[in-house]
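Participant: Build the full structure now, drawing on both the sequences and the hints.
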Amino acid sequence: MKTYTIGLYEKAMPGELSWKEKLLTAKETGYDYVEISIDETEDKIKRVDMSKEERLKMVQWMYETEMPVRSMCVSALTKYSLGNPDELLCRRGMDIAQKAIKLADDLGIRVVMIPGYDVYYTESTAETQQRFIQNLKIITETAAGYGVIIGLETMENNFMNTVWKAMYYVQQIDSVYLNVYPDSGNLKNAAVSLGNSEIQDLLAGKGHITSLHLKETVPGKFREIPYGTGHVDFQKIIEAAWAIGIRKYVTEFWYKGSLTWKEDIQQANTMMRAILDNIAVTIS
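In my numbering, the protein residues as written are 2 to 285.
Bear in mind the hints are in silico, worked out from the structure with no lab data behind them. This structure is a prediction, so every number in the text was calculated from the model and none was measured. There are no misleading hints in this set.
Calculated pairs, DMTMM-like style, for lysine to aspartate or glutamate (alpha carbon to alpha carbon, straight line, at most 20 angstroms):
| hint | residue 1 | residue 2 |
| --- | --- | --- |
| 1 | K21 | D33 |
| 2 | K12 | D33 |
| 3 | K80 | D50 |
| 4 | K21 | D44 |
| 5 | K58 | D107 |
| 6 | K138 | D106 |
| 7 | K53 | D106 |
| 8 | K47 | D96 |
| 9 | K45 | E22 |
| 10 | K53 | D96 |
| 11 | K58 | D44 |
| 12 | K100 | E41 |
| 13 | K166 | E124 |
| 14 | K12 | D44 |
| 15 | K100 | D50 |
| 16 | K58 | E17 |
| 17 | K207 | D175 |
| 18 | K21 | E67 |
Pair ranges (Cβ atoms, derived):
| hint | residue 1 | residue 2 | range |
| --- | --- | --- | --- |
| 19 | I134 | L260 | 44 to 52 angstroms |
| 20 | W262 | K207 | 31 to 39 angstroms |
| 21 | A127 | M2 | 43 to 51 angstroms |
We put the CB at the ideal spot given by N, CA and C, even for glycine.
Facilitator: Written as structure tokens, this is what we have:
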């Protein structure tokens, strides 16, 4: 029995790979599962409308490769945000989110991560925040009907850049199907900006954390920072996560055309597993 599982973010791999090739890559590089991306590109959004045959094929590939897809990142809700004042954009976001939950149910995905934005491309207001929580409640009720867990990701703007802020919405809606899916890099940047501790912030979500994104950052920059070149203390954040029962982790980074992309994936797995394996032995 595995004491923890570590997943590979789909976008760490070249987009032109087939799903079977992506699953095999994850297996070859030592991962336990893949996190599928539903981003704001139309190519990714159309996945929520997969035919029954396409869904069955995905499940068959998972069984053939012995590599499951067990979490989903619905970053399409950045553009089509749940608090968006544009009725058409907001309505499409709700449609994407509800269809994503149904897709998760069909594919055996346990956790659907949605970004903690009321809005992203426009200004946050009392109105957008109220609309966000109203729509989040609807999405949570949909997820509850399917037995799928929603995880709010801590993001880079002030609306929900900490676990503490995400927990406000978790407590307001008060459902076992709504929890927090923190991002280690975003938490670190928020801690530096606010002058507090990302470790204490993570602990504020005890009992309500689904998983942890393992992402590197530097102050003021939130993406595409190679592991080991930023300021995230992965040893400390993983120790804290383990102490409060978090057992699902995902290495979050992006393929940007590197010729050594597969080696990069392997190195990320090796780095994080070394920390996790040591913690599993010494703390458990």
